[in-house]
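With the hints as constraints, model all of the structure from the sequences given.
Residue numbers (the working numbering): 259 to 484.
One should not assume that every hint holds.
Claimed, not checked - With a Cα cut of at most 25 Å, we get these calculated SDA-like pairs of lysine to any residue:
1. Lys269 to Ile352
2. Lys307 to Asn281
3. Lys439 to Phe449
4. Lys424 to Glu466
5. Lys287 to Asp317
6. Lys355 to Ile323
7. Lys473 to Leu454
8. Lys473 to Gly444
9. Lys462 to Leu447
10. Lys296 to Gly441
11. Lys282 to Thr262
12. Lys325 to Glu285
13. Lys355 to Ser343
14. Lys296 to Gln274
To be verified - Just the calculated beta-carbon pair ranges, DEER-fashion:
15. Ser313 to Lys282: 19 to 27 Å
16. Phe345 to Glu426: 14 to 22 Å
17. Leu454 to Phe314: 43 to 51 Å
18. Lys332 to Tyr423: 30 to 38 Å
19. Gln270 to Lys321: 13 to 21 Å
20. Glu443 to Asn263: 42 to 50 Å
21. Thr260 to Tyr423: 50 to 58 Å
22. Lys473 to Lys321: 39 to 47 Å
The set of hints was computed from the structure by calculation and includes no laboratory data. Since the model is a prediction, treat every value here as computed from it, not as a measurement. For glycine and all other residues, C-beta sits at the position ideal for the given N, C-alpha and C.
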Amino acid sequence: MTETNILEQAKQGETQAIVSLMNKALEPKGITVQVSIKDDSLTITAEAKEVPEQSFFVDYVQKSIAKLNLARIKFLYIRGQVTGSKFPTWRQTINLKENEVLPTPIINAQTFSFNSKAKKNHFNIFNILVQFREVINTVFLGGILGILVFNLWWQQQPKNLQYEYKIESFDDIVFDIGINKLGDEGWELVFARRALAGEDDSRKGVYECIFRRAKVKESNKLISTQ
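What follows is the structure, encoded as structure tokens:
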């Protein structure tokens with residue numbers, strides 16, 4: 259198949275053609291890519307012996323996809339990881355229609371690290387480092403939530419500080435958007451687990467996450483309104 263034919267297929271959204279074009283340009287730099295399309299989202303993952311340089315790869319992907327002019331694609335999910343790793347070292351989300359780079363939670367190897375927003379009010383920093391596992395156990399997650407609540411009870415926090423909790427599930431495609439949306443609503447991610455779901459040919463990553471959000475006691479609300 260000629261390079262012209264491959265380019266035409268790539269413009270039609272053929273993922274294997276997009277992979278062929280990108281690998282031809284990036285393999286001399288020791289980088290290979292994986293590409294998947296779901297609905298209006300395109301996910302491109304770069305793999306190399308060392309972590310691919312984020313700014314270089316994001317810029318390359320933006321320019322390459324712009325040339326293909328894929329009309330139905332609205333979001334780009336760009337990831338970089340070490341060859342053989344199950345999880346990305348970094349992520350970048352881009353809204354193509356708005357030409358906007360969206361803020362993305364930092365993922366480092368297999369560990370999430372989250373700092374509490376409550377430190378702005380001089381509360382203790384709440385950090386949880388969580389390693390991913392291959393299998394999600396919802397019952398076990400409920401137990402983890404109970405442990406988190408118990409630990410909060412022992413912390414020397416101001417007495418008027420309480421939290422409400424919720425559990426949400428996301429697949430790989432909507433993970434970044436879901437996290438950002440809940441963050442805008444004041445929810446803070448404190449725990450996450452990832453598993454692979456589906457048959458061998460169509461397996462996808464699924465995240466089950468625990469969020470918390472600070473709330474004010476009713477007595478404090480009454481005082482503030484008097």
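Whether the CB-CB distance between Gln270 and Lys321 falls inside 13 to 21 Å: holds, 19 Å
Pairwise hint evaluation, Ile323 against Lys355, where the allowed Cα distance is 25 Å at most: Holds. Lys355 to Ile323 sits at ~13 Å (cutoff 25 Å).
Between Lys355 and Ser343, is the straight-line Cα distance small enough, at 25 Å or below? Violated - the C-alpha atoms of Ser343 and Lys355 are around 31 Å apart, more than 25 Å.
Should the hint that Thr260 and Tyr423 are 50 to 58 Å apart at their CB atoms be regarded as holding? At roughly 57 Å between Cβ atoms, Tyr423 and Thr260 fall inside 50 to 58 Å, so the hint holds.
Assess, step by step, whether the Cα of Lys462 is no farther than 25 Å from the Cα of Leu447, and give holds or violated. holds, 21 Å
Please work out if Lys282 and Thr262 have their alpha carbons no farther apart than 25 Å. holds, 14 Å
Would you mind confirming whether the straight-line C-alpha gap from Lys269 to Ile352 stays at or under 25 Å? holds, 19 Å
Quick one: are Lys473 and Lys321 within 39 to 47 Å, going by C-beta? Given about 46 Å between the Cβ atoms, the range holds.
Honestly, do Lys332 and Tyr423 meet the 30 to 38 Å range at C-beta? Holds, at about 32 Å.
Should the hint that Leu454 and Phe314 are 43 to 51 Å apart at their CB atoms be regarded as holding? Since the Cβ atoms of Leu454 and Phe314 sit about 29 Å apart, the hinted range of 43 to 51 Å is violated.
Distance restraint between Lys439 and Phe449, which requires alpha-carbon spacing of 25 Å or less: Status holds; Cα separation ~17 Å.
Holds or violated: the 42 to 50 Å window for the beta-carbon distance between Glu443 and Asn263? Holds - the Cβ-Cβ distance for Glu443 and Asn263, about 47 Å, lies within 42 to 50 Å.
Going down the numbered hints, you'll see the structure goes against 7, 13 and 17, while the others check out.
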